[in-house]
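Engineer: Keeping their order, the protein sequence lines are chains A and B.
First residue of the first sequence? That's 1 in my numbering, and the numbers climb one at a time after it.
First residue of the second sequence? That's 1001 in my numbering, and the numbers climb one at a time after it.
Take these hints with a grain of salt, some might be off.
[To be verified] Computed list of chain A residues with no C-beta within reach of chain B, every gap over 10 Å:
no., residue
1, S49
2, G68
3, L85
4, M90
5, K97
6, L126
7, Q197
8, K210
9, H220
10, R274
11, M302
12, H327
13, Y341
[Claimed, not checked] Mimicking BS3-like on lysine-lysine, the simulated pairs with C-alpha atoms at most 27 Å apart in a straight line are:
no., chain 1, residue 1, chain 2, residue 2
14, B, K1196, A, K210
15, A, K34, B, K1265
16, B, K1089, B, K1073
17, B, K1265, A, K181
18, B, K1265, A, K205
19, B, K1089, A, K347
20, A, K205, A, K128
21, B, K1268, A, K347
22, A, K340, B, K1196
23, A, K36, B, K1265
24, A, K210, B, K1073
25, A, K337, B, K1196
26, A, K118, A, K132
[To be verified] Coverage of chain B stretches by chain A, computed from C-beta distances (three or more under 8 Å per stretch; other residues unrestricted):
no., stretch
27, 1189 to 1196
28, 1257 to 1263
Calculated directly from the structure, the hints in this document are not laboratory data.
Glycine residues also receive a C-beta, built at the ideal position from the N, C-alpha and C atoms.
Here's the letter readout for the chains.
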Amino acid sequence: MPENILSVKGLDISFRGNIGDVHVIRGVDLDLPKGKTVAIVGESGSGKSVAMKAVTGLLEDNAVINGGQILYRYNGNEYIDLLSLNEKEMRRKINGKHIGMVFQDPMTSLDPTMTIGKQLMEGMILHKSYSKSDAKERAVELLRTVGILEAEKRINNYPHQLSGGMRQRIVIAAALSSEPKVLICDEPTTALDVTVQATILNLIKDIQAKMNLSVIFITHDLGVVAKVADFVCVMYAGKIVERGTAEDIFYDPQHPYTWGLLLSMPSLETEEERLFSIPGSPPNLLYEPKGDAFAPRNEYAMAIDEKAAPPMFKISETHEVATWLLHPDAPKVEMPKELKYRIERAKAASL
Amino acid sequence: MTNEPLLKVKNLRQHFKISREFTVKAVNGVSFDIFPGETFGLVGESGSGKTTVGRSVIRLYDPTEGDIEFNGKNIAGNMDRSTRKMLRKDMQMIFQDPMSSLNPRKKIADIIGEGLKIHGFCESKTELEEKVAAILQKVGLLPEHGSRYPGQFSGGQRQRIGIARALVMNPKLIIADECISALDVSVQAQVVNLMKDIQEETKCAYLFIAHDLSMVKYISDKIGVLHKGYLVETGSTQEIFSNPRHPYTKNLLSAAPIANPRVEKQRKLLSYDSINADYEHDVIRQLSDTHFVLEPQGGN
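Assemble the whole structure, with the sequences as input and the hints as a guide.
Structural biologist: See the structure below:
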């Protein structure tokens, strides 16, 4: 197992609001091994984007960090806690140079009044002290890396002159321009067509292999997770409820929420009559959930779920799950039949 | 299933004139039938014209060419009063964005009841209120939600309101334009289940426009694949998914991610030169009763 380039420990964040504090991140631990891809999945509002914004120091002004550490392996063996850096230090030392970010909507992350060449060169001149002509040369090279034809001409285009897929390629090129070690992709393909999505995901994978990038991938699409992820973290109401390798999560899921997520997605193979849907909706984090936040939606909930939040139970070296169902005293609960059947079919399909 | 189609679209063209020299040819000769109680899924990439087809069918646009027959009446050209009335009652639409398709200043009950009021379906105020309350319950909301404003609901709930608004007119055909794309996976499942239940109960037909292939497969009886304004392939769900013929359909299917890491990591994207594709001279070939594919003249 490669060493971790980034590890988040006990991250706890709330947002200050008019009617009270919203406790959005309630203790998140996450490790990113060097050169690997970790996917974070969860419903909207589960806190996946907020956790990653904390890593890049891009949190809104009303966010309060209550505790935790974000350890980044800076130059070789020295770890620094990103939370101890101020905004200016983050911008100068870390963002772009070490940690690059790709957001969901390429139109809002590009400046409509600047040519794409200028936007690409900005980072290189700032972080890597390139001369203008060197930067331009590299910008053209980067555009070629991300698969844009006629890069010399495109460099003078404005974002609106490009299609959505092209724009997302530009954003990726910009994120790569200062040769970061970690790339955080926040739903990078959600706004794109499936065919474009497939090419962009392949592109990210190719570049990752070439540059030995470590990638954190935020998405709610389990198909995308299956394609890119080495490790998966399932997030619910500001906590990670299950983590493991992609194999652990897809072929041996243990948390009822993960079961629900996997089942609520129709697969191209199965043809059951009704889709499973997780009843209810995520809790309002304005009011601190008592016990296990998932309990009200969980058909397997037990009395203890109302009283205490479950700890992480370790199933294997890589697989950890936060549910009381795995406590030695708990009754044994099998995953839903339909899911079991699906997993068997999925395993059979891969042979 | 009855043998008379509810909606017959024949050779529909929808062009938009931008300037004297330039016309956007959004839809080019699209033909398909929808039978009562059936779901027709329309898939394609953005810009392929799938939304335009939906909007032309419900006559938000005036079709440039072609015939649209709904309920036995031609609705493509000028309609007489009774036809127009029938169309506006029997065909309803659910929009993609539940945030922008509901008037934020109107109460839910007024939004849902508006159609009933305009068409004069209710004798009295109490009858209207009863109907609205019943429909709210049917889509899984509470009658007291009627006095709230759209801003007080979550995305999934708003989409339910959109469905209630379409449903209250008791339509024969509902055009659902990407109505679940903006929702979370687990909420998508709730909304899709609701749509299926409603179909079973009221026997309405859906024109389900989407880009998510697995969801389209799940809900549709028949599927049409649209590319650059041409319907490149139509067939039953079975035919499209197990025996795709058109290279674009194959490309689309190979791009849809599967939640199975061992398979997904090995999968290759079938390439297709969609930029240079030109279907202008292609002809439709019939492969079975329901399976049609667009092919270059004289076969491959």
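Engineer: So, against the hints stated earlier in the document, which numbers end up violated here?
Structural biologist: Numbers 7, 9, 10, 14, 19 and 24, in rising order.
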